[in-house]
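Asker: Below, each chain spelled out in residue letters.
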Amino acid sequence: MAHIELNNELPGIRGLMAYRPETEAPLNALAEVLLRSDNNTLSRGERELIATYVSYLNDCFFCQNVHGALAGHYLECDIAGIDGIKANFRTAALSEKMKALLAIAGSVQKGGKQVTEAQVNEARANGATDTEIHDTVLIAAAFCMFNRYVDGLATWAPQDRQFYVDRAPQRALDGYQSSVYK
Amino acid sequence: MPHINLPTDYPGIRSLFVYRPETGDPLCRLAQVLLHDPHPTLSAGERELIASYVSNLNTCKFCTNIHSAIAKHQLASDLSLVKQVLSEPESAPISNKLKALLKIAAKVQAGGKQVIPEDIANARDEGATDIEIHDTVLIAAAFCMYNRYVDGLATWQPDNETLYDKMGEQRVREGYNPKSINIKLTETELQNS
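First to last, the protein sequences are chains S and E. Take 1 as the starting number for the first sequence in my numbering and just add one per residue. Take 1001 as the starting number for the second sequence in my numbering and just add one per residue.
Here chain S stands alone, though its shape is the one from the complex (with noise of 0.2 Å):
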């Protein structure tokens, strides 16, 4: 049970959202921007993946499958091969940039300041921009948001993994700013 009365049955970010429409604006814009705008040369997939590592690093059961079953979509891959990469992204499929970005978000997680110039330098050896790194850091910060406030107010999440797949397509074609009540 959360740990206020929402007033409404919707799980995870959504009940929060849809109690306080004031702050879910630019919460959803923001998520928007970030990980659906097409004005980026990271994939859609890519950026939700970044969301993913970030949300399974901070344990936010609900971030980490609605994300999850996005990147799955964006980039054909089922549960197993997104809890691999989560588990793994060393050993992964994944281009070395994008290996070099996971790793910068990792850090983040942990703290601004565990980012290091190595770290960086090996991101743009692979071929990352700058805007790809900032991104990078910003998606990782957004999600040291997302999760706590997710979690610090105890919302629930469906414990049905299917239930988030089933959604995602849906949920890519509509984008976040649609994404409370449907």
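It is worth saying that the hints were derived from the structure and are not from the lab. Computed from a predicted structure; not experimentally measured. One or more hints might be untrue.
To be verified - With a cut-off of at most 30 Å between alpha-carbon atoms, the simulated DSBU-like pairs for lysine-lysine come out as follows: (1) E:Lys-1097 to E:Lys-1113; (2) S:Lys-182 to E:Lys-1113; (3) S:Lys-97 to E:Lys-1083; (4) E:Lys-1083 to S:Lys-110; (5) E:Lys-1166 to S:Lys-113; (6) E:Lys-1083 to E:Lys-1113; (7) E:Lys-1113 to E:Lys-1103.
To be verified - Facing chain S, from chain E, some residues (calculated, C-beta under 7 Å): (8) Ile-1004; (9) Thr-1023; (10) Pro-1026; (11) Arg-1029; (12) Leu-1030; (13) Thr-1041; (14) Gly-1112; (15) Lys-1113; (16) Asp-1130; (17) Ile-1133; (18) Ala-1142; (19) Met-1145; (20) Tyr-1149; (21) Asp-1151; (22) Leu-1153.
Cβ coordinates follow ideal geometry from the N, Cα and C atoms, glycine included.
Since the structure of chain S is already known, use the hints to place chain E on it.
Answerer: Showing chain E alone in chain S's frame:
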């Protein structure tokens, strides 16, 4: 030196807003709603105290200094009070409700699951409403983002209390409008920072 090629002359998160206005816009709007817009019960000063308290726990120099300065101006108080809240909230001259909310904020900083029903019950006993608890959790969570963003890209963070005070006073007047945040520092401000 910043990890990426950020515009110079803009301190902290301002350099990131200028670098990437697409993300700067929702980030400013979020800060505006959480910290500046009218709130049913929490004053802007109380909300800024939560923001600077969490930023201090995350050891983010820029965010701690700027939100401490904003808190000072919003509360029409002095910086020593804000510093006392940051270092020892229990003995600071603030309400028991705000002390209970700061405890929740500290739990959020450590991780969402650290917030336990006793923390919520304690805040409620001191008169906190659901919306106050909600906003405390989201402000604390949001600063776990802003702080990581500012430090994760190694932005320029000046050591100059006067500069933070001036920016803080401006923020109280103008709110978190992206247009006003993106103003360059003047030559004098730069020389003094």
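Asker: Look at each hint and say if it fits the structure.
Answerer: Outcome of the hint check:
1. E:Lys-1097 to E:Lys-1113: Since the Cα atoms of Lys-1097 of chain E and Lys-1113 of chain E sit roughly 21 Å apart, the hinted pair holds (cutoff 30 Å).
2. S:Lys-182 to E:Lys-1113: Distance ~27 Å between Lys-182 of chain S and Lys-1113 of chain E Cα, so the pair holds.
3. S:Lys-97 to E:Lys-1083: violated (43 Å)
4. E:Lys-1083 to S:Lys-110: holds (25 Å)
5. E:Lys-1166 to S:Lys-113: holds (26 Å)
6. E:Lys-1083 to E:Lys-1113: Distance of about 28 Å is within 30 Å: holds.
7. E:Lys-1113 to E:Lys-1103: Roughly 14 Å separates the two Cα atoms, so the pair holds.
8. Ile-1004: holds (4 Å)
9. Thr-1023: Given a least distance of 6 Å, the restraint on Thr-1023 of chain E holds.
10. Pro-1026: holds (4 Å)
11. Arg-1029: Since chain S brings a Cβ to about 4 Å from Arg-1029 of chain E, closer than 7 Å, the hint holds.
12. Leu-1030: Result: holds, 4 Å to nearest chain S Cβ.
13. Thr-1041: Thr-1041 of chain E check fails; min Cβ-Cβ to chain S is 14 Å, beyond 7 Å.
14. Gly-1112: Cβ of Gly-1112 of chain E sits 3 Å from chain S, so the hint holds.
15. Lys-1113: holds (5 Å)
16. Asp-1130: Holds. Min distance 4 Å.
17. Ile-1133: holds (5 Å)
18. Ala-1142: With Cβ-Cβ at 5 Å, under 7 Å, it holds.
19. Met-1145: At 4 Å from the nearest chain S Cβ, Met-1145 of chain E passes the 7 Å test, so the hint holds.
20. Tyr-1149: The hint holds - Tyr-1149 of chain E has a Cβ within 7 Å of chain S, the shortest such distance being about 4 Å.
21. Asp-1151: holds (3 Å)
22. Leu-1153: Interface hint status for Leu-1153 of chain E: holds (5 Å vs cutoff 7 Å).
In this structure, the hints that do not hold are numbers 3 and 13, in rising order.
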